[in-house]
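J.: Now for the letters of each chain:
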Amino acid sequence: MATATADFDVRRNDSLGLRIQHVLHANPVLGPLAVLIVAIIAFSIINGRFLTATNLSLVLQQVTVIATLALGQTLIILTAGIDLSAGAIAVFSSILMANFATKAGMPGFIALVLSLACGTAMGAINGFLVTRIKLPPFIVTLGTLTIFFSLNSVVSNSETVRGSDMPSLMTWTGNSIPLGGFRLTYGSIIMLLLFGLFFYSLGRTAWGKHVYATGDDVEAARLAGIRTGRVLFSVYAVAGLLYAIAGWILIGRLASASPNVGVEYNLDSITAVVLGGTSLFGGRGMVLGTLIGALIVGVFRNGLQLAGVEVVWQGFAIGLLVLVAVSLDQWIRKVKT
Amino acid sequence: MTTPVLEARGLTKRYGRVVAIDGSDLSLYPGEILAVIGDNGAGKSSLIKALSGALIPDSGSIFLDGNQVHFRTPMDARTAGIETVYQTLALAPGLDIADNLFLGREERRSGTLGSMFRMLDRRHMRDEAKRHMSDLGVATLQNIGQAVESLSGGQRQAVAVARSAAFGSKVVILDEPTAALGVKEGNRVLQLIRDVRDRGLPVILISHNMPHVFEVADRIHIQRLGKRATVITPASHSMSEAVAIMTGAAQPPPQPVAP
Chain A
42 MATATADFDV RRNDSLGLRI QHVLHANPVL GPLAVLIVAI IAFSIINGRF
92 LTATNLSLVL QQVTVIATLA LGQTLIILTA GIDLSAGAIA VFSSILMANF
142 ATKAGMPGFI ALVLSLACGT AMGAINGFLV TRIKLPPFIV TLGTLTIFFS
192 LNSVVSNSET VRGSDMPSLM TWTGNSIPLG GFRLTYGSII MLLLFGLFFY
242 SLGRTAWGKH VYATGDDVEA ARLAGIRTGR VLFSVYAVAG LLYAIAGWIL
292 IGRLASASPN VGVEYNLDSI TAVVLGGTSL FGGRGMVLGT LIGALIVGVF
342 RNGLQLAGVE VVWQGFAIGL LVLVAVSLDQ WIRKVKT
Chain B
1027 MTTPVLEARG LTKRYGRVVA IDGSDLSLYP GEILAVIGDN GAGKSSLIKA
1077 LSGALIPDSG SIFLDGNQVH FRTPMDARTA GIETVYQTLA LAPGLDIADN
1127 LFLGREERRS GTLGSMFRML DRRHMRDEAK RHMSDLGVAT LQNIGQAVES
1177 LSGGQRQAVA VARSAAFGSK VVILDEPTAA LGVKEGNRVL QLIRDVRDRG
1227 LPVILISHNM PHVFEVADRI HIQRLGKRAT VITPASHSMS EAVAIMTGAA
1277 QPPPQPVAP
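If you read the protein sequences in the order shown, they are chains A and B.
Plus 41 on top of the position in the first sequence (first one is 1) and you've got my numbering.
Plus 1026 on top of the position in the second sequence (first one is 1) and you've got my numbering.
Derived CB-CB ranges, DEER-like:
id	chain 1	residue 1	chain 2	residue 2	range
1	A	183	B	1273	50 to 56 Å
2	A	352	B	1099	52 to 58 Å
3	A	57	B	1065	48 to 54 Å
4	A	368	B	1067	41 to 47 Å
These are calculated hints, taken from the structure and not from any lab test.
Ideal Cβ positions, reconstructed from N, Cα and C, are used throughout, including at glycine.
Could you put the whole structure together from the sequences, leaning on the hints where they help?
T.: Here's what the structure looks like:
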């Protein structure tokens, strides 16, 4: 026992690699943050236009939808699950919102609330299948992904609804406040507030502790008296709501609601979470990391574009980053205590 | 004669054609450490699970302080004051010691912060966690905010035992608490078990480790073929006699020992 308590004295004799491993194990956000900072410095050296207010506002706008999706995805991955239907729920919610407000002629506020409720219900369906029917999240969300995309085409009739045809509340998320040359959209503000909210609820409430405990070891959590089924269900439902909000932000971003966007959103949201240092094995990670992860994706896409790298190679670079991030996660998990 | 704190009469549990417990009895008296030993498949685990609410027996009854109880979930048993430390410990490795001590029983801040914003009272929980840990003489832990995964096996066991001692008001059940530990840590945990008993909580100890059982137990319940074969004491029988009864090589004494 005595040796284990003298934890910090032992570290002094460790190699640099081991010490880095320990620091990253204790502060999982440091790795992604370092990548983000290095990327920003590198891209601003390559192209002077990168670090301008105009460009940075563009990066943030591009990141907002993915970051909001990734926030919901983080909750699910923290419980050792995965949600392939994230983007599908977001796009379907945006289509419902637009059609409620135009074809069904509902007032904007009603259409918004109703479609957010629909998004929550879609998440709840995932949650029901995972917790009650006990199906693996991967299969459940693969199924619902296909179903939601199909319903999406049915409801929208594969037609895009223009923003100008909708009540102004729908596209409000795309409006922005100028801060000098920087334009901060209301969508980005909503996204940042949501990150703040979940930073708080994961770290400072019993629900958050239960999410971590359930993801870490579901059997242990159950034996400790946590109603793990309820926790999981709540996570899927809340994620559904977050995706629907992302759908609302998406309308503002595109100034339209289109059923044909967002195919890549499902995987991009997972990418952001993984880059942010959240472990796919559950129980480890922070929403702050996810925000950084989403920014890394945005900064890479934008920076590579400014550097003149072709679009096809951007995907290559992001994919490589993901593999590095996952390998790093494995290495950190093997930390010796 | 005193009433047992916890008593089981004629508990039976079948899984299809397999009989896990076959009309088993058990009695635990105030202020004692009752060890439960038995060969693999003797029904120890099922018996303990029935007492801790993790398993619903097909028939038989359980009495707590003389009153019949019906546990349908582990939470029911817990609410009734029976705390169980499972072999797997049921700790969340990523969370810190204080979080684990209060896992599933978190305390919120008073006022609006607690009721509206659901904010946890972290300082209070940490102080309480420190107090519980040092009550059991586990003050070697330097930091209550340390993640459980960074602790040694014995320290983790200590956290789990402290949790059960802190919240158990009637009975603490320990399932193989020394199985995965080295000699030094094992002895440390045995002392912990005595400390729990000396604070007035009777303990049920399930163990395969005969020297440990004979060292701490006040009475030893021997489970065989799904039934209670007998109850002995470390004074009345030797270790090899206990093993002989356990395996069926010797006839159990007819009358179980009462404390």
